[in-house]
Structures are given as C-alpha cells and as structure tokens.
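Use the sequences and the hints to build the structure in full.
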Amino acid sequence: MIMTKKTFKYLIIFIFTIVFLGAGYFLINNLKSSNNLVKNEVNENNTTFSVADNKKDLEKNFESMPIFGNWESFTSENGLPDDKTYCVRIDGERILVGTHGGLAVYENKKWKTYTKEDGLAHNGVISIDVSELTGDVWLGTLGGLSRWSAGKFENFTQLNSGMPNDLVYSVVCDGKDVWVATGGGAGAYDTYTKKWQIFTEKNAPMHEPWTYGISKGDGKIFIAAWGGGVIEYTKKTRTFRDYHDPDGNMEIDLFPDDGIVHDITTGTSWSNGFLWVSTYFGLSRYDGVKWKGYFDHDSGLASNFINSLKAYRGVVFLCTDKGLSTTDGTNWVTYKRNDNNSKGKVFITKEEKITETASSSSISHSFIIGVDVKDDIIWVATSKGISRGELLKQ
Amino acid sequence: MKPYILNLAIILCMLLLSVSNLIAQNKSKMYGNTPDRLFPYNNFEKAYKYHFIDPIQFSGAGREKLPPKDLKEVRIGFLGPLEGSAIVSLGKQMLQGTMLAIEEANKKGGYKGLPYKLMVHNDAGLWGAAANEVVKMDDEKVWAFLGSIDDIVSHVALRAALKLEIPMVCTGNPDPTYTETNIPWTLRVISDDRQSGYAIGAYIFEKMKHKRVAVMRNSGRYGRVGVGEFYGIAKRMGHPIRIEERFDTGETDFKMQLESIKQLTPEAILIWGNAKESALIIKQIRSMGLKQPIYCSDRIVSKEFLEIAGPFAEGIVSTSPYNPEANNPKLKEFQINYFKRFKQQPDAFSAHAYDGMKILIEAINKGGLNRVLIRDYLLDLKTFQNYQGITGKIVFDATWNDIGDIWLAKVKNGKFTFILNDANENVGTKIKGAKN
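Heads up: the protein sequence lines correspond to chains A and B, in order. Under the working numbering, read the first sequence as residues 1 to 394, first letter to last. Under the working numbering, read the second sequence as residues 1 to 436, first letter to last.
No farther apart than 30 Å at their CA atoms in a straight line, the calculated lysine-lysine pairs in the DSS-like style are these:
(1) A:K322 with B:K141
(2) B:K69 with A:K112
(3) A:K116 with B:K72
(4) B:K255 with B:K283
(5) A:K322 with B:K65
(6) A:K235 with A:K202
(7) B:K382 with A:K322
(8) B:K136 with A:K194
(9) B:K112 with B:K141
(10) A:K290 with B:K46
To give an idea of the chain A side of the interface with chain B (calculated C-beta under 10 Å), a few residues:
(11) D83
(12) N123
(13) F295
Worth flagging that the hints you see were computed from the coordinates, not collected in a lab. Built from N, CA and C at the ideal position, the CB exists for glycine as well.
Pasting the structure below:
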C-alpha cells in the first residue's frame with residue numbers, strides 16, 4: 001500500500017506526539033518521585049563495609065552538619081525493663097531512660113530499673129528533666145509527676161497536689177519552677193512555695209484544654225497545645241502569646257511559611273535564636289519574625305509525623321515515625337534502620353541532592369519517640385529499644 | 001492555516017494541559033467528600049499542602065508480640081459519660097449498645113472460648129479524667145476500647161490511646177477535628193459534624209432557599225466546633241451567617257439572645273445544642289411570636305426533645321446519624337433484642353455503639369490478642385470498608401472517619417421521620433428521597 005502525503009504527515013504528527021508525551025510523562029514522574037533530587041546509593045550488601053569507610057563516605061558528603069554513628073542498642077534482652085522507650089535524658093555520666101516498664105538508669109555500663117515498687121508514681125515514664133539548680137530528677141509518668149531526689153521518690157498527682165492532670169506528657173525544669181504539659185492543661189510548680197499554677201483555656205490563650213509538649217528558652221516557656229498551636233509565656237512580663245496556622249483549616253496548609261504548618265502541635269524546642277515546632281503534619285521554624293515550614297516532600301524530613309524534637313546548638317533532632325531526621329534548616333541528615341539486614345541507612349540531603357549511605361551499625365528501630373544529645377553523644381528512644389551513637393563528624 | 005498544522009497545534013495544546021496536570025499535586029478526591037466548590041480556599045487559591053489524602057501508617061514495633069497464655073477473659077474498655085455529666089442519658093445508651101454486642105459475642109463463644117469482658121469507665125470525673133481512665137485501661141490490659149461522646153473527653157482519650165498504643169473505636173463524638181489529628185489508632189463509627197454541616201447546609205440554603213440565617217449555639221466546644229463546618233459552607237455558598245448567639249448547658253432563659261436575633265429578622269434559625277436546651281429555645285422562640293423555620297443539630301433526635309418541645313417541635317428539621325425506621329432486617333432484630341434486654345428503645349448512640357463494638361470484636365477475632373494487629377485490621381480501609389451495620393453503610397475516609405449514610409430528620413405529627421441525605425454526592429444540588 002502506498003502511503004499518501006497526507007497520511008505521512010499525520011503519521012509524523014502522531015509519532016512526534018507519542019514521543020513528546022512519553023518523554024514528558026517520564027520527566028514529570030521522575031521529578032515527582034525523587035523530588036528533583038539526585039540519589040546515589042552505596043551497596044548495602046557489602047558485608048565488609050566498615051564504620052571507618054562509612055565515616056569517610058559521610059565526611060565526603062557533608063561538611064557542616066553533625067553525623068552520628070557507631071550505634072549501640074539496648075532492649076529488654078540486654079538490660080531494659082521494657083522494649084518500648086518513651087524518652088531519654090543525658091545526666092552527666094548516667095543516662096535516664098523512660099520506658100513502659102519503669103525508669104531505666106545506665107551507669108558504668110550497667111542498667112538499673114526503678115518501678116512503682118521503688119516509689120515511682122507509675123511504671124510508664126514518658127518525660128524526664130533534671131534540675132540544673134538542685135540536680136533533682138523530675139519524671140513525668142502515666143500516673144503523676146515524680147521527683148527523684150537523694151535516692152527517694154516524691155510523687156505529685158491531681159489529688160495530692162492539685163496539678164492539672166496525672167498524665168504528664170512533658171516536663172521541663174526552669175530554675176525553681178517545674179513546668180509540665182499534661183492531658184488537662186499546663187502547670188508550673190514552684191518548688192519554694194510548693195504551689196501549682198495551672199494554665200488551661202480558662203486563663204491562657206489556648207482554645208483547647210490539653211497540652212502535649214513544653215520547653216524553655218530566651219526567657220520564655222513554649223507550650224505545644226495540641227490543637228491550639230503554640231502558647232508562648234514570657235516570664236518577665238508574665239504574658240501569653242499564641243501562634244496558630246493562619247489558614248484556620250485542618251485539611252490544608254495554604255502557605256508553608258505563613259505560620260505553624262498545623263495547629264496539632266506535638267513539641268517545641270528553642271536553640272540559637274530559633275523556635276522549632278513539631279506536628280503530625282510537618283515541621284515549623286520561627287526566628288522571632290518569620291516562620292518557615294518543612295514537609296517530607298520538599299525537604300530531607302523523613303516523615304511529616306513527628307513525635308517529638310530537640311534543638312541543640314543550632315541543629316534540631318526530629319523523632320519521626322520513619323527515622324531520626326536532623327537539620328540546621330538547610331541541610332538534612334536522616335538515620336533509619338534497614339529492616340532487611342539490621343544495618344543502618346543514612347540519608348544526607350545537601351543542596352537538593354540526597355545521598356544514601358549504608359552504615360554497619362544502626363538505631364534499634366526507625367519509629368523514634370525521644371532523643372537527647374550532649375557534646376559528642378546522642379541517645380535515641382525508639383519503639384523497640386534505645387540506641388547510643390557517637391559523633392563521627394562535626 | 002493548513003489542516004495538519006491546526007491539528008498539530010491542537011495536539012500540542014492538549015499535551016501542554018496534560019503536563020500541567022501532572023505537575024499539580026495529586027488530589028484525586030477532596031477530603032471528607034467535600035465538593036470542590038465548598039473546599040476551603042479552593043475557589044481562590046491552590047493550597048501548598050493537602051492533608052488526609054493518604055492514610056497514615058503505623059510503623060512502630062509490636063506486631064511480633066505473642067499473646068499471653070494464662071488469660072481467663074479478653075478485656076475491652078468502655079469510656080463514656082455515666083455520672084456527673086449533662087449527657088449521661090446518651091452515655092447509658094452507648095453502654096447498653098456496647099453491652100448487647102458483647103453479650104451476643106459471648107453467646108457465640110467469645111474469643112476462642114474466652115469470654116469478652118467489658119471494663120467500664122466513667123469519663124466525667126476529675127478534670128482531664130479521660131486521660132487517667134485510659135491509663136487505667138492500659139493497666140487493666142484491655143486490648144482496645146470504645147468511647148466516647150463528649151469531644152474534649154474523646155480528644156484527651158485519643159491522645160492517651162496513641163501514647164499507650166491502644167486501638168480506640170469512637171461511636172459518639174461528632175467533632176470533625178477528632179479524626180483530623182491524624183492519629184492512626186482510632187476508627188470513628190458515626191457521621192461527624194462536617195457531614196452534618198454539609199447536609200443541613202444544603203437543605204437550608206439550596207432546598208429551602210434561605211439566605212439570612214441566625215445561629216444559636218451551645219457555648220461549649222460541642223457548639224463551637226459543631227457549627228464550624230456549617231459556617232464554612234454557608235460562606236462559600238454566599239450566605240454568611242448574620243448573627244451568632246450562645247447559651248450554656250443548663251440555661252433556661254434565652255430572651256436576651258433571642259431579642260438580638262429578632263431584631264435582625266432572619267429567614268431561618270439554626271440551633272446547635274443538646275436536646276433539652278434546644279427544646280426550651282424553640283418554645284421561647286415561638287412564645288416571642290417568631291415564626292421562622294427552625295433547624296437543629298442531631299442531638300435533638302430524642303424522646304426528651306419531643307417531650308419538652310411538645311407541639312412546638314412540629315416541622316423542626318435536623319440531621320441524624322441514625323434512621324430507626326430503616327428497612328434493615330439486622331436493625332429490626334437489634335431493636336427487638338435491645339428492648340427485651342433494656343426495656344428501652346435504642347437511640348443513635350446505642351445503635352452506633354453496637355455497630356462499633358461488633359466491628360471491634362471482629363477485628364480482635366481476626367488480629368488476635370495483639371493491639372497492633374487489631375489496629376491493622378480496624379484501620380486497613382479494606383476489612384471494614386462499606387461495612388453494612390444496623391446503622392446503614394459505613395464508609396471510611398483516609399482519616400478513618402465515617403462518611404457513610406446520614407439522614408435528615410423532620411418532626412411530623414409529634415414524631416421524627418427520616419430521609420436519607422446523599423450530601424456526599426449532592427451538596428448544593430438536591431436532597432435525595434428516602435432510600436430505605
């Protein structure tokens with residue numbers, strides 16, 4: 001059959017369209033799936049891959065963010081009272097770990113557990129802080145607040161002390177005051193007068209009565225009000241200020257940098273002039289003037305579901321349900337466990353490029369609940385055990 | 001222009017359009033079955049981030065835990081207002097619906113021969129009691145729990161449920177923000193105030209053609225959050241609410257608020273509150289000579305409302321998450337058994353609690369005695385998607401919120417009559433006739 005000139009023209013148009021459409025589809029899909037980032041992978045199956053190699057590899061890929069490695073993990077099989085760890089606090093030479101089965105203390109490479117039988121308010125220890133003033137350890141539990149001082153526990157509950165609620169999600173010591181975020185509002189306990197001051201929607205600009213996180217910094221207390229955004233309390237003036245997602249809708253974030261990305265806040269942490277706010281919908285940073293939002297699709301954040309956070313020396317450590325992410329606001333490092341071979345994965349995001357590197361050691365689980373960092377040591381509380389890491393590169 | 005050049009230009013235009021669609025954020029379906037034109041900001045601005053499109057997965061540990069071997073019973077928690085609350089009557093209905101489902105399951109052999117035992121907790125004790133009660137349930141080693149009705153209680157309980165990783169089935173709280181917390185540990189088996197807002201909004205503005213509407217709402221969180229979605233769609237339909245007045249639970253004289261409303265001569269009045277106050281407000285509205293049509297939130301669908309409002313209830317329209325007259329053999333059987341057991345007619349809270357507990361028991365039977373596995377079945381959006389309960393078809397969205405059947409209830413000849421509202425499909429177009 002002889003092709004007419006007209007048929008030939010249409011055939012050319014058809015072929016051109018198919019090729020152009022295919023190329024466009026391929027490009028767009030790649031842009032969407034990789035978020036416009038290049039991904040380099042190191043072979044994780046290389047069994048001779050050593051920490052030294054790993055360190056070298058990581059150093060090569062990053063120059064400013066701290067990189068942690070040499071992970072050592074602990075579970076109920078080697079010292080913890082329960083696999084589920086909620087929180088961790090580095091207290092000098094000892095490590096305090098809140099678990100579902102009691103307070104675990106790691107000292108001189110040995111674990112010791114404290115439970116209700118020892119006087120703890122409840123075995124579920126979900127928040128810890130240490131008073132810089134007295135050295136007392138304050139433990140937020142599922143059944144009240146415990147002060148651990150001179151080897152003895154003193155317990156505070158709704159009934160015996162008038163604190164807001166017995167479920168103490170977060171505790172922070174601030175001079176003589178101990179602040180708590182509970183299921184029934186925030187509270188401040190004056191250790192001198194031995195009196196509680198309670199903050200709820202009745203006397204503070206929180207339109208919900210429940211609170212979840214609390215932190216201090218810059219002469220202020222920052223309350224994650226779980227549905228009410230962030231409540232800032234200035235100690236000098238004793239005044240409150242609230243921060244919300246300006247679009248006023250739960251189902252969207254209209255603009256990422258106009259305020260907190262969502263009103264369901266889970267934690268706050270202040271460091272080096274920045275207030276960091278975690279939510280189950282992404283991360284926010286406030287410099288006192290402007291907000292900036294971060295999501296898993298536009299940054300190195302492992303997941304938008306952030307259980308808690310800790311800011312330290314300009315870097316924020318983010319406990320997500322898919323790994324531990326760290327960032328200085330520009331560059332990102334994320335640590336995950338490789339479930340196939342129990343080794344670790346480190347994802348470094350720098351200038352829109354992601355590098356995935358295998359590490360011979362790993363955090364014990366990728367579902368991260370709590371974290372603490374001091375100098376060159378990091379401790380990570382996970383859904384299954386706790387891990388200790390060392391600084392490889394600053 | 002030559003035909004083939006024209007054709008080429010058309011194909012290129014189509015191609016460019018398809019590429020631009022690929023770049024746009026995937027948003028196959030608006031959250032909550034919200035029509036495009038009623039979605040926040042949708043008519044003016046594309047949002048940077050749309051939440052609740054895909055369900056959150058729980059990636060924590062726990063699935064590997066083996067069940068204990070020395071159990072004598074399988075404990076399930078219950079959290080509801082049973083003492084010291086204005087909604088105790090609703091809480092008791094919820095408890096009774098739960099008990100009936102448990103008793104029926106035990107008659108069939110319970111869980112592999114072990115009886116189910118309900119661990120009952122009152123949520124209206126000390127301030128923030130719900131959090132403490134959920135901790136007690138964890139100490140009692142419940143495998144999951146059902147509750148509650150009050151929105152504050154439910155929020156507080158859910159937060160504790162997440163921390164303790166206990167599956168929570170909610171069958172009474174209509175607060176839209178409850179499931180908007182993104183917590184992958186709860187399933188809601190009752191339509192929320194978002195769906196109610198769409199249904200009553202379509203009825204008021206589209207079917208009845210009202211333009212100037214006044215609102216009287218409960219001053220608590222139930223009223224504030226409840227009318228929130230209605231306000232949103234009123235604004236997007238071009239009829240922002242003219243006036244909002246508030247009343248407290250237990251209040252009996254509403255003259256001050258109603259005088260303010262009267263001055264603005266609204267075409268209709270919407271009341272969002274509990275049955276008792278709503279009935280008293282309606283009586284006072286009529287005694288002041290106001291003849292405007294009155295619409296209410298779904299808590300009025302009760303015997304208590306009809307008794308207090310008396311003849312003034314005639315013609316009142318509200319939404320309802322439950323149709324007791326539905327032609328559903330399972331519902332008829334439930335109604336007979338419920339009356340035999342409790343000498344009382346079931347209401348929306350007992351019916352949804354019955355459905356919720358049936359679902360929960362089935363999830364335990366499938367997942368075994370492991371909280372994470374029970375959660376997995378409850379929230380997989382497959383096992384219980386389109387579940388045919390006694391309350392109708394239950395459909396879950398990506399937040400595990402029930403966006404299934406909802407009805408409009410109208411008082412005729414001293415009793416409620418029900419029509420199925422297909423608000424999910426037809427907000428702003430029509431109210432469908434009765435299906436059941």
